[in-house]
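Participant: Residue numbers (this note's numbering), protein chains in the order written: chain C, 1 to 279; chain D, 1 to 250.
Think of the hints as simulated: they come from the structure by calculation, not from any bench. Treat the hints loosely; a few may be bogus.
[Stated by the list, open to error] List of simulated lysine-lysine pairs, DSSO-like, C-alpha gap at most 30 Å: (1) D:K137 / D:K190; (2) D:K217 / D:K180; (3) D:K137 / C:K92; (4) D:K180 / D:K137; (5) C:K40 / D:K180; (6) D:K218 / C:K92; (7) C:K90 / D:K218; (8) C:K86 / D:K218.
This structure is a prediction, so every number in the text was calculated from the model and none was measured.
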Amino acid sequence: MDILTLILEPLQYAFMTKAIMVSAAVGAVCAILSCFLILKGWSLLGDAISHAVLPGVVLAYIIGIPYSIGAFVFALLAVFIIGVVKSNTKIKEDAVMGIVFTTLFAFGLILISRTVSSVDLMHVLFGYVLGISDAAALYTMIAAGAVALVVLAFRRTLLLYCFDPIHAQSIGISTTLVHYALLVLLAITITASLQTVGIILVIAMLITPGSTAFLLTKRFPAMLAIAVCVSVVSSVIGAYTSYYLDVSTGGSIVFIQSMLFLVAFAYTLLHTRLSIWRA
Amino acid sequence: MIDKTKHAIEIHNVSVRYRDFTALRDASISIPHGTFSGVIGMNGAGKSTLFKVIMGLVEPSHGTVQVCERSTHDAQRLGCVAYVPQNETVDWDFPVSVHDVVMMGRYGVQNIFRTPSEEDVAKVSQALHRVGMHEYKDRQIGELSGGQRKRVFVARALAQGADILLLDEPFAGIDAKSEKALTDLLLTLKEEGKTIVLSTHELTSLSEYCDHVALVKKTVIAYGPTHEVFTRDLVSQTFDGMVHRIRFAQ
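Only chain D is shown next, with the shape it has when bound in the complex (with noise of 0.2 Å):
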């Protein structure tokens, strides 16, 4: 079972140059297991850096990474991370079906030609089941409206048996309707114990399903619960003083 105590993902004091430009600085953050977390900051600010950082796709120039209590290398190797990308990243025309895209979230436990087994048949449906996508599974993913999308991608990630699932944008696209579908989705996994990250521009309903909030500007400026993170001062300062329509906790 997930030790409670322990933390996700730690990062302590960790640096990303990309040739002359550095993407974070000296950035530090500790997310606690069970957690729903939103990740806010401007674009460029080093959000989808930090999320490279978590899944171990950029090696920091500075400072350490452990995710699940392991280098990323082995969480890489165990699935501990899932992501789920961006809707406008993603070729919807591509020939995969919603069963071949969750099938997908099982590669890195299959043998090098990843011939699915009766066990990863069984996990995909069961995925499938869980995100109410079981009766699209043979749909070609353009088929589907903008939440559906993004919850094949969150199947994918349980079919993967990720204990963090990492979600760079999630609400971009959707409608208010499918935009509740999915926090409701997530916060039952959240309630399973999973760990849940996200990035977000939607400042407005933030409060309402995150239970942790970080800010990050070139480095995380400030992470904690809600609450105490998610305020006028803070998010002030991390857009820049941008923030005069958004309702705060205090």
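Only chain C is shown next, with the shape it has when bound in the complex (with noise of 0.2 Å):
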């Protein structure tokens, strides 16, 4: 079997063309979402938002809406424990979010032990991308597509956001209204990412392309470019690793993700052994 019947055979299906393309879009939107959230040291909060959201997902299952609306009500909803719960108390920020996603995320698996089949619990918390339908692939596409665009018009405000708050306040910016909005964004990506890698694995895609690309350049808009190539070319051969030898998609994606993690990481420190050595 030569290199083009390796690529092309898949796609005679439709299901892998959806999967492949919602997977990309997926990926493109995480990436870019990802070069903020490590710059800002949001990784956890994205594990927070992310496993929050499980009972979201099922109450929406119950009551028969879109369970994008369901992940969306309980992400914001766990924002807002998190910093209720913060401001009233002396505990530190990753131990309040590590009680409120923990104690959301159990209460999801409650509900969802009552209600659902053991094989819809493995699609929510691992992702079913090749069984999506067309409606939630195109709901996928369209909030991955209205963040990313988003995201890169406001990419210098929330870049400063990022770096230096207090000059940005300082000159009249509302750093309330940046912070919410990241966090709104960051909300939307995580329902929209759901059925691709699912609850558990979404915080890689939310954070390994940017660690990626900040390893390799020292420039934002670079940074920008190579996490959102790293993460669609994870996402594509992801998809067809996925196809090719019957595993879970977003395992694999995130995976493959992780192993081009894993060459940038050897390449700097390769890089910074030789200019020692050469020095």
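Take each chain as given, in its own frame, and dock them per the hints.
Facilitator: Following this line, the structure appears as structure tokens:
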């Protein structure tokens, strides 16, 4: 079998083209957001929000509304609870986040065990992009496109917020507004990514591409470009891998992302060693 | 032109409370235009809070604040006050160049997408020349020395067109030569009419460049010309007596 048939064969199935397109879109938007999250130090917050949406997904399933609405509501609820608890105790933010997201996740597990089958549970936790419905695929693409557009349009303000919020405030930019805007964008991205990689692995999509790019460049525009390339390539190869090896798509995508991170990491290690040796 | 008879900063009876902690109580200070003021006090004395009040970052629970004869909100909108952060609070690995950081000084006057105009680029370039950092404009900020890092943020303040420069511990972690270069730069800016306010622990050289001194200990104990305020009695009161090795004006 030559390489062209290897590439084209899966594309004759509508579910595969759909899966590849959705994965690539999710990969791109997560990569863009990941650049801001890792610079802001919000990795744990992303993890917290993604876990906290579980009860929202299950409740949406029970009521019969689109699961993304339920997920979005619980994402905002998690952010709200974290904010309230943090500003009223002396407990540090990471501990507050840990308590809040595990509580909501546990509540989701309880709900899920009473209502849906274990197969559906697997799909929520680990994604099932090969079985995505047309409506869900459309929603994911629109949400991903909209978030990517907004983040790129306001990238300079978002970057300033991550870099020097005090300066931002001192020239009259409302950092509270930017803060919540970034949180809402993060929440939308997570709900849009659920079907592709699932609740557990979405955080990888939101940390790894940005981290890989951060290792390779000192310029933010380049960082964005590298992160998107790394992530989209991982998504596409991941989708093919899952087709040919009959393994989890989300797992494949994230694993390939991690391998690319490892390559970048090894490269930077080698690079510094070489420059020390040359000097 | 700047009216030197008016005050750049006027704070009257300001108190700031954080939850169950009073950071400043009944503090008043009037800083004239075109002066170079040093703010000194122990850690936690309220120096940072005083800066935040001037920048409009904290709302006083009591008292009034005027910056350039305006409310802090208007002063923010017009970019009157620029803040130069402490070196240790900046993430020097951040993927931004010297030029990028100075351009952030222009964000206040740009459109919501912060697209740089030709004027913005010109002002950034001018500011970088002014502090002698133009040849480093494409460097990532972590690739600079401590003194150069400070000058980048001063350039950002100039690009912003601020009348008042607030510098938080600018001499922490930089060598004596860079400190001299920085104070020389700030002194020329003062001659051009800027109002310089810096907080410092560097009491030994303070009187060489500051024409005014503010002593802070949960309030402004005293503020005025250096030779009147920077005295053994008053400084000793500010630092609970720990001042034996400093040479004073009197």
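Participant: Now tell me, hint by hint, if it's right for this structure.
Facilitator: Results for each hint:
no.	hint	verdict
1	D:K137 / D:K190	holds (24 Å)
2	D:K217 / D:K180	holds (28 Å)
3	D:K137 / C:K92	violated (38 Å)
4	D:K180 / D:K137	holds (22 Å)
5	C:K40 / D:K180	violated (34 Å)
6	D:K218 / C:K92	holds (26 Å)
7	C:K90 / D:K218	holds (23 Å)
8	C:K86 / D:K218	holds (26 Å)
The structure is inconsistent with the numbered hints 3, 5, although it conforms to all the rest.
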